[in-house]
Structures are given as structure tokens and as C-alpha cells.
Amino acid sequence: MTKSCILRPKPSSRNMARGGGMSGPTIELNQLRYFVAVAEELNFRRAARRLNMTQPPLSRHIALLEHVLGARLFDRTNRSVRLTPAGRRLLADATDILTRTESAILSARQAARGQAGHIELGFVPSACLEVIPRIARRVREALPEVDLTLREVMTAEAVDALQAGSLDFAVIRLPRHNPGLPIEKLWSEPFVLAAPRGHPLLDQPEIPVSALHGIDFIGYSTERGGFLAEVVQGFLNAQGVTPRMIFAVAQSHTIMSLVDGGFGVALVPRSNSQIAMPNTEIRDIGLPPDALHSDLYLALRPKEPEPLVREIAALIRAELTPEILPRGEAG
Numbered sequence: 001m002t003k004s005c006i007l008r009p010k011p012s013s014r015n016m017a018r019g020g021g022m023s024g025p026t027i028e029l030n031q032l033r034y035f036v037a038v039a040e041e042l043n044f045r046r047a048a049r050r051l052n053m054t055q056p057p058l059s060r061h062i063a064l065l066e067h068v069l070g071a072r073l074f075d076r077t078n079r080s081v082r083l084t085p086a087g088r089r090l091l092a093d094a095t096d097i098l099t100r101t102e103s104a105i106l107s108a109r110q111a112a113r114g115q116a117g118h119i120e121l122g123f124v125p126s127a128c129l130e131v132i133p134r135i136a137r138r139v140r141e142a143l144p145e146v147d148l149t150l151r152e153v154m155t156a157e158a159v160d161a162l163q164a165g166s167l168d169f170a171v172i173r174l175p176r177h178n179p180g181l182p183i184e185k186l187w188s189e190p191f192v193l194a195a196p197r198g199h200p201l202l203d204q205p206e207i208p209v210s211a212l213h214g215i216d217f218i219g220y221s222t223e224r225g226g227f228l229a230e231v232v233q234g235f236l237n238a239q240g241v242t243p244r245m246i247f248a249v250a251q252s253h254t255i256m257s258l259v260d261g262g263f264g265v266a267l268v269p270r271s272n273s274q275i276a277m278p279n280t281e282i283r284d285i286g287l288p289p290d291a292l293h294s295d296l297y298l299a300l301r302p303k304e305p306e307p308l309v310r311e312i313a314a315l316i317r318a319e320l321t322p323e324i325l326p327r328g329e330a331g
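Numbering follows the UniProt record's numbering, in which position 237 of the sequence shown is assigned residue number 237; successive positions increment by one, without gaps.
Keep in mind the hints are simulated off the structure, nothing from the lab. Nothing here was measured: the structure is a model prediction, and the numbers come from that model. For each residue, glycine too, the CB sits at the ideal point set by N, CA and C. Treat the hints with caution; some may be incorrect.
[To be verified] What follows is a set of in silico ranges between Cβ atoms, one per label pair, in the way DEER data are often shown:
| # | residue 1 | residue 2 | range |
| --- | --- | --- | --- |
| 1 | Thr99 | Glu223 | 36 to 42 angstroms |
| 2 | His118 | Asn237 | 43 to 49 angstroms |
| 3 | Gly262 | Pro125 | 22 to 28 angstroms |
| 4 | Arg60 | Pro144 | 40 to 46 angstroms |
| 5 | Glu230 | Ser257 | 21 to 27 angstroms |
| 6 | Arg79 | Arg49 | 17 to 23 angstroms |
| 7 | Glu306 | His253 | 32 to 38 angstroms |
| 8 | Arg88 | Pro307 | 38 to 44 angstroms |
| 9 | Leu64 | Leu42 | 15 to 21 angstroms |
| 10 | Arg197 | Pro144 | 16 to 22 angstroms |
[What the hints assert, rightly or not] Straight-line Cα separation of at most 16 angstroms, EDC-like style, residue types lysine to aspartate or glutamate; simulated pairs:
| # | residue 1 | residue 2 |
| --- | --- | --- |
| 11 | Lys303 | Glu152 |
| 12 | Lys185 | Glu319 |
| 13 | Lys185 | Asp260 |
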């Protein structure tokens, strides 16, 4: 049974003037529960049975409540029990108080167990296609009482927000410098070739990296960090391959749109194949699985995480794998 809470009325100016303060009888939540049971049953015997108690103590509690309030709550005869106007008003308020009290107790217990509360999750734009929908779905299914807010950020912004405490955790690229945050590898996927339908490269059963040399190419720019630009360009340089750069843009969906428009081919993380482009084909390119891949990391605040953060972090780890995705699979 829930432990009784005591509702103390605000001391009147008269009592304070007399030095009384918080003196006199008080109203307990159990008294409100007893009153609501009688008010709903309109029968003391049935109400006592419902409350698993005998009738005389119940009658005494109601009499005490009426004394404290200075108002009669029930009109009683040998044949009937009816609410007075004061009783009808108290019934509405008492029901609301009991409902909110039970809700507050449940919320506090859920928060203590890591099952409820508000969470701020930041993520880099490239995580929105595969990773974030899976995280959001898993959290909603497992912890329906959690209020999850998603905030799109760049890695540097996420690091600052985590250090300032305005984010609980974030899905980011690996920061250039150690930010002093708990960081773990969360997700890794290979790059694939995106090409407009009818492109000559698509006629080849297997497309080697060398085939990209001199080809019209849509790449990532160094705008807003340029992590993917460094990954792709570093890989091409290591292979001795120099495509003809037609456009360099910041976001994968823009690259996919330009490929679909026939401006060239591109190397993009495999999750971008989920972007519906009617004039674009996705093909594997002849690479070992770990030769060119896009990595995402889970970063938490520097302080000891709260129970809810630990619970959601565990859900995220269970949902995603830090291993390279096999070619031909999207997750």
C-alpha cells in the first residue's frame, strides 16, 4: 500500500499572528481514499468491503474528515447516503489529487529505474537514414514513458553540447581531438557506388576502383567539418585514382540528387541507397570490406550517466553493431 502523504493547509494569518503556524488536524491521502470510496458507492458497508476494512473505522475517518473541513460531506439516513454540495466538490478535487499523486509516484519510480524521463539525443545528419530511426523505434517500444528529443547537430556542436550538459548523448563522427567524453564505436558501413542509370560503368559486372579515374564525380566538400570528404579523398589518393570533380557538396542527399540528375557518379555510405532516386543505381565496388567505410560513434556526457541514460545506451548497443556491415546488406 502506498505510504500516506500529509496535506497541510497553508497557515492563516490569524494562526500566524497567534504563533500557531502548522498546528491543528491534517488531512491524509488515505482519508481522501476513504471518502472517494464512500462517495462512489454511496453505501458505507460496500465502501468498507471495497477498502478491505470494517465499517466503524471507516465511519470514524469520514467523521474526522468532516470535522477538519468544517463541512458535512454526506446526508445520511437509515435508507440512503447522498453527497452534499461540499461533498460533490470534494469528490472532484480528491479524485484529481489521488490520480496525480499515483502518477507522480509511478513517474518517480520509473525514473529511478531508468524507465521514464526526458532525454536529448543529438545526431549528425548522416545518421538519419539508418541509425536514428532504429534507435528511436527501439526506445519507443522498450520505454514508452520516455520523452525523447532528437537534435540534428554537427560533431563539434555535439561535443560542446555534451560538455555543457544540454545533450545527454549523441551519435557523431570521431572528433579530431580527444574531447574528454566517453566515446565508443557504434556503427560502421561500407561505401558503395551511386551512378545514373545507363552510365557506362554499370555495364561492367565488377567495377574496380581504377575505373573511377577521370570519371565525372560528385564528391563531399570540406564544409562543416568535411569528415566524409577526408575519408573518400584519402582513399582515392591512396589508390592513385583521380576522378573529374564536377561538384563537391556537404550532404549525401544532395550528392544523390546530383547523381540522379546525371552529373556524375559518387561514393556514398550504403545507407544512402534508402534515398529513393528513380534514375540512380547502387553498385558495390571492388574493395575489401574494411577498405572504405563510414563510422559513427556514441558519445555521452563526461559525468556519470543517470540510470535512464545508461538504460537507453544499453538499448542502442543492443540494436546496433560496431562491426562493419557485410556488403550486400543494409543493416
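- Message: Hints numbered earlier in the text: which of these fail when held up against the supplied structure?
- Response: 1, 10, 11 and 13
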